[in-house]
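*Asks:* The whole structure should be built from the sequences, with the hints applied where relevant.
Quick note: the sequence shown uses the UniProt record's numbering, first residue 1, plus one each step.
If you're looking for bench data, these hints aren't it; they were derived computationally from the structure.
Predicted model, so just to flag it, every value in this text is computed and none were measured.
There could be a bad hint or two in this list.
No farther apart than 27 Å at their CA atoms in a straight line, the calculated lysine-lysine pairs in the DSS-like style are these [said to hold, decoys possible]:
no., residue 1, residue 2
1, Lys226, Lys37
2, Lys94, Lys118
3, Lys172, Lys41
4, Lys88, Lys101
5, Lys91, Lys101
6, Lys31, Lys80
7, Lys152, Lys88
8, Lys198, Lys226
9, Lys152, Lys80
10, Lys80, Lys91
11, Lys118, Lys91
12, Lys37, Lys80
13, Lys80, Lys41
14, Lys41, Lys281
15, Lys226, Lys172
16, Lys41, Lys23
17, Lys226, Lys41
18, Lys80, Lys101
19, Lys198, Lys152
20, Lys118, Lys80
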Amino acid sequence: MTDERNFRSSYYEKVGFRSVEEKRSLEILLKERPFDKAKLKQFCLRFTVPAIYRNFLWKVLLDIIPVYIESHEFIINQRKAEFQDLQKALKIAKILDDYTKPHLMFLTMWLLRTRRAKLDMNTQLEFPLHRAMSRMAETLWHIVDIDSYEEKLVDTYWILCGFLDQVQRFHKEINRLQECTCTLLEREDPELYKHLVKIEALYNIPYDIWFSSCFAGTISNGSIAKIWDKIAVGAYRILIFVTVVILTTLRRLLMRCENIDSILNIIANITEETSEVIVNKAIESWQQSGSILTTIS
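*Replies:* Structure below.
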């Protein structure tokens with residue numbers, strides 16, 4: 001049986017249907033009662049989550065719904081009630097209104113729920129960390145695919161809360177992430193590394209925004225979910241590899257640049273096709289490094 005399964009896996013991969021086998025493996029895991037979160041995390045680390053299951057799996061991994069499926073209806077209703085209470089409170093305080101964009105509403109609600117909200121909310125939203133989080137919220141709004149508008153509002157908000165909690169956990173290590181990025185780039189592409197140092201660009205790249213937003217607004221919405229599958233289980237070290245692969249993939253253009261503004265202009269215009277190449281290369285490099293855990297070494 002094992003040999004047969006290995007043969008199938010090899011065949012699917014050769015003909016481009018590796019996801020068929022992955023989808024089947026995930027479906028088996030989702031039939032377990034209760035869900036085995038450790039196995040689900042390992043699946044996310046090894047594979048890309050099939051889009052049809054992504055919202056549900058993210059909610060399980062981000063502790064939005066429990067591993068006990070019989071409790072889901074109750075918890076979902078509680079989440080919906082809390083969403084409505086937060087929304088109502090901010091509207092009464094005239095911080096939100098019916099014209100507030102969804103991603104700004106989500107971030108404002110998260111700040112209130114986590115007791116970070118200040119009286120001057122508009123100024124607070126301009127903090128660099130919160131601008132990055134706002135980019136993440138806007139991207140997530142486009143990623144979450146639910147027909148019902150009300151359900152999409154509630155689900156997107158709670159999934160965002162889970163991701164923002166992850167960002168909060170690793171934010172204090174962003175300087176270390178930057179150091180590792182520069183070290184890896186020097187090893188992977190010494191010529192590009194020296195050029196970026198020479199034009200004083202390497203240390204002026206907006207690492208804080210990139211890492212805090214998990215590349216929202218930089219990598220296209222159609223590809224970024226593959227990276228966020230890893231962030232959902234706390235494997236934020238992948239952000240180092242995404243940065244290096246962005247730079248090495250665009251090296252031909254970057255080698256012609258003479259200042260940081262030119263560098264950022266090129267990176268700001270990454271196409272959907274290039275985004276897909278970058279994401280796939282980054283995941284492959286990250287997995288080959290053998291360091292798929294959250295720790296930075």
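*Asks:* Hints first: check each against the structure and report whether it holds.
*Replies:* To see whether the hints hold, each was checked on the structure:
no.: 1; hint: Lys226 / Lys37; result: holds (19 Å)
no.: 2; hint: Lys94 / Lys118; result: holds (14 Å)
no.: 3; hint: Lys172 / Lys41; result: holds (23 Å)
no.: 4; hint: Lys88 / Lys101; result: holds (15 Å)
no.: 5; hint: Lys91 / Lys101; result: holds (13 Å)
no.: 6; hint: Lys31 / Lys80; result: holds (25 Å)
no.: 7; hint: Lys152 / Lys88; result: holds (17 Å)
no.: 8; hint: Lys198 / Lys226; result: violated (33 Å)
no.: 9; hint: Lys152 / Lys80; result: holds (11 Å)
no.: 10; hint: Lys80 / Lys91; result: holds (17 Å)
no.: 11; hint: Lys118 / Lys91; result: holds (15 Å)
no.: 12; hint: Lys37 / Lys80; result: holds (23 Å)
no.: 13; hint: Lys80 / Lys41; result: holds (26 Å)
no.: 14; hint: Lys41 / Lys281; result: holds (21 Å)
no.: 15; hint: Lys226 / Lys172; result: holds (24 Å)
no.: 16; hint: Lys41 / Lys23; result: holds (15 Å)
no.: 17; hint: Lys226 / Lys41; result: holds (14 Å)
no.: 18; hint: Lys80 / Lys101; result: holds (19 Å)
no.: 19; hint: Lys198 / Lys152; result: violated (47 Å)
no.: 20; hint: Lys118 / Lys80; result: holds (24 Å)
Hint violations for this structure: numbers 8, 19, all remaining hints satisfied.
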